[in-house]
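Peer 1: In case you want the letters, here they are:
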Amino acid sequence: MNMKVKKKIVGILVGAVTLSVASSAFAYAKIGQRLTQDPYHLYYWVGGVTTNLGGYNAQNNANLAMNAWNSTPNTKVYMYQTTDQKASVMDFHSEYHADVNELGWTAFYDGNSPCDPRVTKWSWAQMHINSNSAISWFNSSATYHDPNGKQQHVLAHEAGHGFGLDHIGTYSWTANRLMLQTSSSYDNYGTKGPTDDEVAGVQEIYGKLY
Amino acid sequence: MKLTTKWSIAGMFLVVGAAAYLFVGLTSRNSSAVPVAIDETTDPAVVTHASYEKLYSSVVELYQNSDLVAEVKVQDQETILGDTAASVQTLSHVLVKQVYKGDVNLKTVPITESGGISDFSKLKGNEVRSSGHEKPAGIEEVTREGSPVIKPGYSYIVFLKDTKDPKWGFTITGSVQGKIRFDEGTGQILATVQNEIRNETGDLFFLQNEFAGKDKNSLVDEIKKTK
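Protein sequence lines correspond, in order, to chains S and Z.
The first sequence maps to residues 0 to 209 in numbering that gives the first Met the number 0.
The second sequence maps to residues 0 to 226 in numbering that gives the first Met the number 0.
None of these hints come from the bench; they were simulated from the model.
Every value quoted in this text rests on a predicted model; they were computed, and no experiment measured them.
Take these hints with a grain of salt, some might be off.
Restricting the straight-line Cα-Cα distance to at most 20 Å, the calculated cross-link-like pairs of lysine to any residue (SDA-like) are [as the list claims (entries may be wrong)]:
#1 K7(S) x T4(Z)
#2 K5(S) x L2(Z)
#3 K207(S) x T35(S)
#4 K163(Z) x V108(Z)
Facing chain S, a subset of chain Z residues (Cβ under 10 Å, in silico) [claimed, not checked]:
#5 S50
#6 V95
#7 D164
#8 W167
#9 T200
A virtual CB, placed ideally from N, CA and C, is assigned to each residue, including glycine.
Start from the sequences and build out the full structure, keeping to the hints where you can.
Peer 2: Right, dumping it as structure tokens:
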């Protein structure tokens, strides 16, 4: 093997290492703790979401978001809808908050009290969608413009927090990940549920099914 | 040495250098040390996480996307509780000391933020859970991404959006981004988000990462450059 070929091989190897480092640097992030039970055959509740939210079927969008999570391969995420709030470990609500920039938020509860998810496991989580949020906004450069799709994205994102996933990347990163700090992956890719990265995240938190 | 060989070697160094930069810059997420961290929270604090429509990464962007940029001092505030323990907003009434963008005649403005002190005894909702308990007990401070709301008696430089609703007044540009506290006596800018949270959230709190510990005029100078 002559020197020229050897150098080309080294260059390719170095390039491959660079790419793997770069991709791992943008992989999923964990909040810290997790649901006390694996979210497998547990319940979620959408009774706190206004059915008609600004013309959008928010309860249906919450169900679609959870269906997307239930469809993740080889994860311990599979939840049933319940009308009994007491039995639920993932509650969905809609609420009016003045800050239209805030599309949704998630709070974590240990028993009846909110807890710090970085240090405390939570027995249930509460996902909110802001009924005042600018769901109908879209960046002029956005490719996807379905408000229901965007709402489903936000609900799936908040459910991701409920499962223990944190935000990833910088605000400006435009990769296709559900757990970016903004909803840009919907605007750019139409993402309405977990990607392979979020699947890997919940697999690490709760283990694989098989 | 042949030219192609030189280019190959240069290319390899470039790739290795880029890999090193990515590894250090991104895996550490925030390598800049911020010298000052003030814990504004006197009640137990909890962190809630949100999804945002738009976030920013520079003073220029905050300025351009704000309706009002000003130095303010918080006079008083009220907590607006929702139906659940973590559903709290805070409406602060602030004295406008200096306007850098917006109506220079403003004397006081209301600012509404998500988060704040949640006194569970005042909740309207019923938090019945499988344990059979009803409302939780105690008081906690609900923060967004670890960022406490602005507090009475303290001074801030704020970047604000007008809600056009007199009930709510203004909101913070970038939700948790467009506010930074400074010591009125020394003029020093203070970080209000814990170091470990800022290190984990990339450039979400870029304002504190860049300016905490510095004199507030360093930020004011940046603001004036964008005018």
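Peer 1: Each hint should be assessed against the structure and marked as holding or not.
Peer 2: Cross-check of the supplied hints:
1. K7(S) x T4(Z): Answer holds: K7(S) to T4(Z) is near 10 Å, not above 20 Å.
2. K5(S) x L2(Z): With Cα atoms ~16 Å apart, K5(S) and L2(Z) stay inside 20 Å; holds.
3. K207(S) x T35(S): Between K207(S) and T35(S) the Cα gap is close to 16 Å, so the pair holds against 20 Å.
4. K163(Z) x V108(Z): holds, 12 Å
5. S50: holds, 5 Å
6. V95: violated, 19 Å
7. D164: holds, 7 Å
8. W167: With Cβ-Cβ at 4 Å, under 10 Å, it holds.
9. T200: With Cβ-Cβ at 7 Å, under 10 Å, it holds.
Hint violations for this structure: number 6 only, all remaining hints satisfied.
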